[in-house]
Amino acid sequence: SRNTLEMIRAAGIEPDIIEYLKSPPSRDELARMISDARLTVRQAIREKGTPYAELGLDDPKLTDDQLLDAMLKDPILINRPFVVTSLGTRLARPSEAVLDILPDAFKGAFFKEDGEKV
Numbered sequence: 001s002r003n004t005l006e007m008i009r010a011a012g013i014e015p016d017i018i019e020y021l022k023s024p025p026s027r028d029e030l031a032r033m034i035s036d037a038r039l040t041v042r043q044a045i046r047e048k049g050t051p052y053a054e055l056g057l058d059d060p061k062l063t064d065d066q067l068l069d070a071m072l073k074d075p076i077l078i079n080r081p082f083v084v085t086s087l088g089t090r091l092a093r094p095s096e097a098v099l100d101i102l103p104d105a106f107k108g109a110f111f112k113e114d115g116e117k118v
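Quick note: the sequence shown uses our numbering, first residue 1, plus one each step.
Do not rely on the hints blindly, as some may be mistaken.
[To be verified] The calculated DMTMM-like cross-link candidates involving lysine to aspartate or glutamate, where the alpha carbons are at most 20 Å apart (straight line), are: (1) LYS112 to GLU6; (2) LYS73 to GLU47; (3) LYS61 to GLU47; (4) LYS48 to ASP59; (5) LYS73 to GLU54; (6) LYS73 to GLU29.
[Stated by the list, open to error] Now the in silico label distances, taken between C-beta atoms and shown as ranges: (7) LYS61 to PRO94: 28 to 34 Å; (8) LEU87 to SER1: 17 to 23 Å; (9) ILE17 to GLU47: 22 to 28 Å; (10) GLY12 to LEU62: 37 to 43 Å; (11) GLU113 to THR85: 18 to 24 Å.
Treat the hints as calculated values from the structure; they're not laboratory data.
Predicted, not measured: the structure shown is a model, and the values here were computed from it.
Positions of the beta carbon are idealized from the N, C-alpha and C atoms, including for glycine.
Let's have the full structure, built from the sequences with the hints guiding it.
Rendered as structure tokens:
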């Protein structure tokens, strides 16, 4: 999200941005990001604006491997943004979740696009 990106930049970091639809992660990379972010595979799936329902991904019988396969086949199903720093990995939803893995250099107030102070 733009808010996440601006928070990272406000910490004095210029991030490497990976456009996941053009360059999706490998299976190992995706599984590692999900695990490092302390999420389940199901928590890392994006439902809104995706073929989630039509693919039947809400079926509780589906395994993590089956869900990962679906995410890799159709990367729009990967929730985002994932942010990886030396301090950890987070799915930045909400955007301020990224603050946990930014260095202490982040100082001062930050205002989201909607005017909310973080």
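(request) Check each numbered hint against the structure and report the violated ones by number, ascending. (result) Nothing - there is no hint that the structure violates, so all of them hold.
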